[in-house]
Amino acid sequence: MGALFEEYAQTHAVHIRDQLVEGYLPLAKAVARRFEGRGIETEDLQQVASMALVKAVERFDLSRGFRFVTYAVPTIAGDVRNYIRDKNSGMRVPRDMRQKLYHMQQVREQFELEHLREPSARELAVAMQITPDELLMLLDMRQQTDVISLDAPLSEDHAAEIGAMLGVEDKGFERVEGSQWMNWIFSKVDEKERKLLTLRYGERLGQREVARQLGVSQMQVSRMERRVLQRLRAIEENGA
Amino acid sequence: MNEERREILLNLPADQEFVLLARMALCGLGMIAGLDVGLIDDVRAATDECCDCLMHQRKKATRIEMKAWLDQERMHCCFRAIRTDEAQAGEPTDFELSRCVLETLMPDVTLQQDACGVGTIGFSLPL
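Residue numbers (my numbering), protein chains in the order written: chain C, 8 to 247; chain W, 43 to 169.
This is chain C alone, in the form it adopts within the complex (with noise of 0.2 Å):
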């Protein structure tokens, strides 16, 4: 595929974005997939998830040293959660359930802050004063009405990152170079966060490589760097 791209880039020749467009149309497939049972028929997802690959066909720039799978699955998950938000935005969810799940966000918040971790899911629901099985069915009815997407860039040693789950390198982290910089933060977070800061900005490891090392998932390595991050620029900001 690699000569294609490289033939496509000089000629911009429609027989050959077609040649291409279609070794990779079970890609658009399987990411339209990822987005049944939000009320969208499988055949109109598809289609978007297509037109959608035409255009990273047409975008991609070989030149940037990426794989095309890295470009193409957030472009297609990006166009297709557009669609599906565009379709599903005349769509009512209940006014109690969309207040629960306020509430439930609220108070997930106040957690976060209080305790600097998150909270338990049963702590959840205690702090909610709602039963485990209601929270269980609040967190699946959110999972449906967010569209969860795949609209991240892929990192380069091919892990997937699935956009609204997952944090994406923050600037702001390169302040954490300079060494004072350093001290400061480091008597500010715990033992598990100064492993994480060190692995991640003193030797420069991937996401990937600090959830290996830490023995967690790639996507919670995330979360704890963006919370990190957000307590860190808070103190900074109080001047605490």
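No wet-lab data here; the hints were simulated from the structure. Wrong hints could be hidden among the right ones.
[As the list claims (entries may be wrong)] Residues from chain C that face chain W, not an exhaustive set, calculated with beta carbons under 8 Å:
no.: 1; residue: R40
no.: 2; residue: R41
no.: 3; residue: E43
no.: 4; residue: R115
no.: 5; residue: P126
no.: 6; residue: S127
no.: 7; residue: A128
no.: 8; residue: L131
no.: 9; residue: P139
no.: 10; residue: L143
no.: 11; residue: L146
no.: 12; residue: D147
no.: 13; residue: A218
no.: 14; residue: V223
no.: 15; residue: Q225
no.: 16; residue: R230
Positions of the beta carbon are idealized from the N, C-alpha and C atoms, including for glycine.
Chain C is already provided as a structure; the job is to place chain W on it using the hints.
What follows is chain W alone, placed relative to chain C:
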């Protein structure tokens, strides 16, 4: 619930609408294990991905068996596609994409393939 090894077993039709049951059961087990809300979200997404992957293979699954258990340190889960000889040929999902999605969500993932496609997917996460 097995006292020695706290374990649940679920045998479902390989149909999208039944994935809800797998998701709820596994998230319930995660709740019992004390997982945080973020991890429960990951378990939910991983369940969807496992079922989706197993339901879209060269030979279609008729049922999906889910086994999950807790030990002292980890929560384990295994999904297995059950196929019959007369199962129809399905459209295979992108194996690499499924693997990448799952490996992003979970720290310890295994996918086993045979001539019919991916037949078993397992993952575990620390408690």
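Results of checking the hints against the structure:
About 6 Å separates the beta-carbon of C:R40 from the nearest beta-carbon of chain W, less than 8 Å, and the hint is met. Look at C:R41: its Cβ gets to within about 7 Å of chain W, closer than 8 Å, so that hint holds up. The closest approach between the C-beta of C:E43 and any C-beta of chain W is roughly 7 Å, which is under the 8 Å cut-off, so the hint is satisfied. For C:R115, the interface hint holds, the least distance from its beta-carbon to any beta-carbon of chain W being 6 Å, beneath 8 Å.
Checking C:P126 against chain W: minimum C-beta separation of about 6 Å stays under 8 Å; hint holds. Hint on C:S127 holds. Least Cβ distance to chain W is approximately 5 Å, under the 8 Å limit. Annotation: interface hint on C:A128 holds; nearest CB of chain W at approximately 4 Å, less than 8 Å. Given hint, C:L131 at the interface with chain W, holds; its Cβ is 6 Å from that chain's nearest Cβ, closer than 8 Å.
Against a cut-off of 8 Å between C-beta atoms, the interface hint on C:P139 holds, since the closest Cβ of chain W lies about 6 Å away. The restraint placing C:L143 at the interface with chain W holds, with a minimum CB-CB distance near 5 Å, inside the 8 Å limit. Interface hint status for C:L146: upheld, as the beta-carbon distance to the closest one in chain W is roughly 6 Å, under 8 Å. Taken as an interface hint, C:D147 checks out: its beta carbon lies about 7 Å from the nearest beta carbon of chain W, inside 8 Å.
Annotation: interface hint on C:A218 holds; nearest CB of chain W at approximately 6 Å, less than 8 Å. Using the Cβ-Cβ criterion of 8 Å, the hint placing C:V223 at the interface with chain W is satisfied: the shortest such distance is roughly 5 Å. For C:Q225, the shortest C-beta to C-beta distance to chain W is roughly 5 Å, which falls under 8 Å, so the interface hint holds. Satisfaction of the interface hint for C:R230 is found here, the shortest Cβ-Cβ separation to chain W being roughly 5 Å, below the 8 Å cut-off.
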